[in-house]
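Engineer: Protein chains in written order, with this note's numbering: chain A, 372 to 1040; chain B, 1467 to 1706.
Where hints are given, some of them may not hold.
[As the list claims (entries may be wrong)] Below, simulated DSSO-like cross-link-like pairs (lysine-lysine); rule was C-alpha separation at most 27 Å, straight line:
1. B:Lys1523 x A:Lys606
2. B:Lys1637 x A:Lys624
3. B:Lys1512 x A:Lys621
4. A:Lys941 x A:Lys563
5. B:Lys1523 x A:Lys470
Keep in mind the hints are simulated off the structure, nothing from the lab.
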Amino acid sequence: MNQLPLKAFRLLIGSIFLLSFFVGVMQAQTPPTQETKKAEETKTDLKQAQDNPFGLEKAPPLPAGMTGSDTSDPRANLKPGLYEAGVATLGMKHLSLLKKPDAFQLDSSDTARVHKTLGQIGVPDPAMIPKQFQTVMAQLAFANSDLAFKGKYLFQGNFYGVNIYDISNPAKSQLVTSMVCPGGQGDVSVYKNLMFMSVEMPNGRLDCGVQGFPPNPPPAAGKGNPMMMLPAPQKERFRGVRIFDITDIKNPKQLAAVQTCRGSHTHTLVVDPKDKKNVYIYVSGTSFVRQGEELPGCSAEKPDKDPNTSLFRIEVIKVPLAAPQTAKVVSSPRVFMDARTGALNALSSGATHGTGKPAESDQCHDITVYSAKGLAAGACSGNGIVLDIKDPVNPKRLDAVNDPNYAYWHSASFSNDGTKVVFTDEWGGGMAARCRPNDPNKWGADAIFHLKDDKLSFASYYKLPAAQGDSENCVAHNGSLIPVPGRDIEVQSWYQGGISVVDFTDAARPTEIAYFDRGPIDPNVLVLAGHWSAYWYNGHIYGSEIARGLDVFELTPSQYLTQNEIDAAKTVQVAELNVQNQQEIVWPKKLVVAKAYLDQLERSQVLSADQIAAMRDAIQRAEQSNLNASSRAKLQGFVKSLKESAGSKSGADAARLQALAEILQRPVK
Amino acid sequence: MQARSTLKSGYLGLNVASGLNMLAAASILVSMVSLCGYAQKATPAKPVVVQPGAPGKPTKVLPKTTKAKLPPIAAADVEFMQGMIVHHAQAVEMTALIESHTENKDVRSLGARISHSQADEIRFMKRWLIARGQPIEGASHDMHKHHANMSHGMMPGMLNAEQMEALRKAKGDEFDRLFLIGMIQHHGGALTMVKELHDTAGAAQDAELFNFATDVDSGQRAEIRVMEKMLEGKSSKEKQ
């Protein structure tokens, strides 16, 4: 490229760049006595500021009949900052933030190029460059993503690899291993000594190299544009699901790399209760289909042109536990097919915003399996679907819905009893501010559906109620159940909207019961950040913060949640957690669980104050006596009337009365 | 347990490297041997940085000072962004005609959406280029080589001067038809550009560009289907 015009361009860019960050400073520093020329320059600069590509996008007016977010919420207008941001919490305590490890932070030599450009255009001190500019440069390439858990270890996915933390003492969690292996998004799962990781981007390499692939050599003089130099598929390129042996947690070893046509945006671990010899991976690919020359059989044709198109399907990988290195794709279920006509593209979105007209769904974004119920819920671009997965290799679609307010079906989770499904809508893709006061609270929200006889029916929307700023990317994202007995509670991340804990026991009236939020990274530039995932694991909440690191929280009692309910949730201990491989929660018949039910029955005023007091007294005596015979007998005395009350009630209270009766009948220590 | 495995795997040497003097290291060694519990507090396990090899190959231990690196940016990436800005600018120019050229509600609302999203994307592309120290405009000698059969400075799918002139002159139904046909052609060009990018071996490795190109592909594909349906609807109405 010619050097002279390049320099000229850099000057132009520099002026815009300068403007976007320094205009405030310049104005403040310009004394009023400066000559007219300077004033005119500032004027021109201000004009350019309006076209400033780093400027923030303002929300359009609210559509008629819609309501937006609450600007009087304590979470609106928090102080900005990377590590010094203002914080608002309710019912949660922040225990620690572990900053993203150095191995996943950009080398300063990469910013040198920008510094050099700035030097050329006359910025005297590149150290003045606002930090966020450097972050803007590469925010996504090193973004933290999803979480998985095994024993005392937490696995935090990242576009650049995986970080493994020891969380034996959650408030003092420690980094154990930084595993460098780029390729995005780094969605991660664990099963015993195996770790699985999603790769979708073209820089993914079989050998985990960070160098990507060399750009094509410059064309020989007069031989045309490098853009047209086709196609050079790469043998070393990897897009799909990696499988690692993590027997030695400090030395994960890659066992297999299963290639797929669209790579793996997310994946879901599937454990078939009837199959002890294998586990399965459902692969959701949302990216472009690669060339057949790079991976034989890949085709991006429309289904009418190629019935074997790589679109309109998911992939199933079978992983033999005795030989995980032989894992391979064993089926490519056509989950969008019309079973009667055989058409592969039978499902469409119902969006009235976004593109505004129905669009075919040809991909799933994420799938949550609930093997105990033989079901899966798929969030598949334009649709929410329910699959029968009793034969995990050949899932069959049972139902599909769309929704006028849903732009992009992103993820799904079941209530523990399997009668409800919470879907999320990732309107704006997660990189845009979508919780501003003028953003409708039905867009980019959760949608809660009833699931009865394998059919979904819409109940309500839930969106983060607090208004967020123009520089905060915010929309519904990943969450998990909190195992409070007797209630359906989910902790959920909303990117820079923070974390919101919602009770959806009553599907028609979801209510927020706790939250945590930080101010934006920067008030003037949208820097990709916030919580990608927030999951409950064995007593604590872990938040994967895209830019900042790993957050650890605990729940604290409030008017919406009692200490007994929190303690009851902590009785549930699991050996592994992969949230999209949903496990049925079973509570031990401990007295603390009974106390949680009693608190709930008091809250819903189903039992009289006298009855509750009598039962609490009996429980206390039983605890003090370490469950001696007479205290057990006393507890059993309540069982009959509780069961009768349960029979006369319905819904959540009936279930609570019944469960309480069962504990008092035969409590365990 | 932790202290013992620390000893076994030889991390003591790293303690020395990390600034403890020999004496301190020696005293810790003593306490590790004699007082296991105390040693656990004194030497928290040091995190490791590793990089797996290809399947079946060993994993490398990287220096603790390892920092992240960006994948290379290909010339094709920069030209894709520069070209797409030019390409999108024409879409904004086309939608700007709607106000004075048609009363069709569907076309008007479609145009508003396209205008908004393309303007937004132009801003994103400019940010991307600036942040990487690249010019917003490509040198024209690079651009017109792109397709030998295309006129100067044109990206795939862009309307030529005659087509733009015809669109400017048309009103009402005729404008709607030309607009839809033109925008389908225009969006089709964006898909071609994304495909060419993905077909280029060293391109689209930058996370944000990859994400953006993926969005452009799915967004414009969906809009093309919408416009094809609108066009079908129009022609079947005319036949009646």
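Engineer: For every hint, state whether the structure bears it out.
Structural biologist: Hint check:
Our distance criterion of 27 Å between C-alpha atoms is met by B:Lys1523 and A:Lys606, whose separation comes to about 17 Å. Of the pairs offered as hints, the one joining B:Lys1637 and A:Lys624 is violated, with about 66 Å between alpha carbons and a cut-off of 27 Å exceeded. For the suggested pair B:Lys1512 and A:Lys621, the alpha carbons sit about 10 Å apart, so the restraint of at most 27 Å is met. With a CA separation close to 22 Å, the supplied pair A:Lys941 and A:Lys563 stays within the 27 Å bound.
With a CA separation close to 31 Å, the supplied pair B:Lys1523 and A:Lys470 exceeds the 27 Å bound.
Comparing the model with each numbered hint stated earlier shows that hints 2 and 5 do not hold.
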